[in-house]
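Chain A is already provided as a structure; the job is to place chain B on it using the hints.
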Amino acid sequence: MAEIVIKKVAKSFGGFHALHSIDLTIADQEFMVLLGASGCGKTTLLRIIAGLETPSQGEVWIGGRRVDGLPPRERGIAMVFQNYAVFPHLTVFENIAFGLRMKKLPRQEIERRVTRTAELMHIEQLLKRYSGQLSGGQRQRVAVARALAMEPDVILMDEPLSNLDALLRLEMRAELKGVLAASKTTTIYVTHDQVEAMSLADRISVMNAGKIVQAARPVEVYRNPAARFVGSFIGNPPMNFIPAKRAGDGKWQVAGVALDGPQASRDRLEFAIRPEDVTVGAEGIPATVRVVEPLGVHTLLTCEVEGALFRAVVESDLAVTPGDTLRLAPKPDRVRWFDPESGMAV
Amino acid sequence: MHPKVLPYVLLLPATLFLLVFFVYPFVQIALLAFTGAEGFTLQHVQTMASHWKFKAALGWTLLLAAVVVPIQLMLALSMATIVSKLESGRSSILYIFSIPLGLSDLASGIIWLAIFEQSGFLNSLLVGLGIIERPILFLGYQNVWVIFAAVVIAEAWRATAIVMVILVSGMGLIPKEYYEAAEVFGAGPWKRFVKITLPLLRPSLQTALILRTLLAFEVFAVVITLGGTTLPVLMGETFQWQFALQDRHVASAYAMVILAISIAATLFYLWALRVPKGAKI
Chain A
1 MAEIVIKKVA KSFGGFHALH SIDLTIADQE FMVLLGASGC GKTTLLRIIA
51 GLETPSQGEV WIGGRRVDGL PPRERGIAMV FQNYAVFPHL TVFENIAFGL
101 RMKKLPRQEI ERRVTRTAEL MHIEQLLKRY SGQLSGGQRQ RVAVARALAM
151 EPDVILMDEP LSNLDALLRL EMRAELKGVL AASKTTTIYV THDQVEAMSL
201 ADRISVMNAG KIVQAARPVE VYRNPAARFV GSFIGNPPMN FIPAKRAGDG
251 KWQVAGVALD GPQASRDRLE FAIRPEDVTV GAEGIPATVR VVEPLGVHTL
301 LTCEVEGALF RAVVESDLAV TPGDTLRLAP KPDRVRWFDP ESGMAV
Chain B
347 MHPKVLPYVL LLPATLFLLV FFVYPFVQIA LLAFTGAEGF TLQHVQTMAS
397 HWKFKAALGW TLLLAAVVVP IQLMLALSMA TIVSKLESGR SSILYIFSIP
447 LGLSDLASGI IWLAIFEQSG FLNSLLVGLG IIERPILFLG YQNVWVIFAA
497 VVIAEAWRAT AIVMVILVSG MGLIPKEYYE AAEVFGAGPW KRFVKITLPL
547 LRPSLQTALI LRTLLAFEVF AVVITLGGTT LPVLMGETFQ WQFALQDRHV
597 ASAYAMVILA ISIAATLFYL WALRVPKGAK I
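So the protein lines, in turn, are chains A and B. Residues 1 to 346 in this note's numbering are what the first sequence lists, from first letter to last. Residues 347 to 627 in this note's numbering are what the second sequence lists, from first letter to last.
The shape of chain A in the complex, shown without the other chains (with noise of 0.2 Å):
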């Protein structure tokens, strides 16, 4: 059992404020993505849970168990590097031996676990090579297995595949999910691509300006998102914001249109809306098309509405030109509204 909870973690950098009061669980077992632009303070979080780095303040617990004052040997944890780390003066058997030896488990206990994990990631014919030998992907395969051959309660990945290339990015992502669901560890990673998150993640945590604005289910995070930067920040392309103005009854006015919103103190709100939750008919908010974007499965529509862009991805069978002026109505149920000063969902 290796539940992670972090409590009223902060971290600052001379004067510059890294983390505000970061309060997370992770549960045991559940792949947590920390998500966000570089800069928000997720590499920071993610090296004070491995203790690479120490808290301000707060108190970091893995397993029931006070970390924040252990060294990072002592926490049960293993972690893959961003740029991998692998020793290069040691063979690959050694990088995946490492850990194991410093724990000076038997001979044959460390021969078993090595072969096992190299299998695994498919890399037993490299064992005698050097970390020079290897391509990038193979060595990111190294930093994996000798994570794994620690059987370790908790993983820890500092964005593992940003060095890749794009095709073998998406064939890795594939098969680190698989090799962690199997594992059955608990696992943190840390990564600035969204879609990564989205297809590996139990829970994606958003993060931005050292704060967490979201923690939830990717589906949840995708269609609910609980701040305007949730929104804009996953997605691709993002959500569309339209500035709301009360109508009174209920209801809001949208680029000329008025819709049904939700009761809220304010006169102003911002709507929002995905891309794909639109659709072209008689009615809806007015949109006059800049760029056409054929991409097969659909296609993606740049328009300008009331001066400010909005993307819309429709059928690939709408006969649809620069210039043209649509009419785009909203899915209801997709609909959501956000306060324009604090930027949270209403």
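FYI, nobody ran anything at the bench for these hints, they're computed from the structure. Hints may be right or wrong, so weigh each one.
As the list claims (entries may be wrong) - Result set (DSS-like, lysine-lysine): computed pairs, CA atoms no more than 25 Å apart in a straight line:
#	chain 1	residue 1	chain 2	residue 2
1	B	K537	A	K103
2	B	K522	A	K103
3	B	K626	A	K128
4	B	K537	A	K128
Chain B only, in chain A's frame:
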């Protein structure tokens, strides 16, 4: 000019320099050592080897290197580790540690003589503190081991900094991530030093050890100042045969011995600290 020719042209001055000032004298010395009136002869080598001081000189030289170099290596490794961990003031400390490097070996020999001689600082201090009643003759001819120890101390003081400077720059090349990975995977500070620092430092260790060992084989001025001829070393004997005994042939034979053990030591270090192909940082 043809781009393939250019590098060789640029190398030409250095090559000429090496030929005139290293290869030519070397050939001259070898000829002196191995030729006599009737051509090739081993007579000078026999003269050298049969002299009672030869074995002593060779023995003391090797023993000095075997004691001084490991002491310097350990001192330099600990100093370099400390300096590498410093967040600020790193270069000031490096400069301070390197001050003895600026002194000639003769000057540092004299400094340590001023400390150890009968009217030196050490005796004054001990008498002043009332530990001894009258000054002791530390560096007398009966006390060859005291002279040896004094030479070791003087050499360690004088030339450890060069080893440290090489090791500090070598440690700077090791990425921090390897230490973090080692830490996560269970290595404490000592294990990290043994399993990460030392192996990844092999190229720097090689350079530093070759440099220091070769210079230790050539130790001369410090030994002469502190021990006169009580502690014979190869370089001292070369000097003796050349200038006191006026026999350039035997002096050259000594020079060849120093060259031979230098080559042997270099080959040993190249082999012992080799980095397998593909295992470089």
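Checked hints:
{"no.": "1", "hint": "B/K537 - A/K103", "verdict": "12 Å, holds"}
{"no.": "2", "hint": "B/K522 - A/K103", "verdict": "22 Å, holds"}
{"no.": "3", "hint": "B/K626 - A/K128", "verdict": "15 Å, holds"}
{"no.": "4", "hint": "B/K537 - A/K128", "verdict": "23 Å, holds"}
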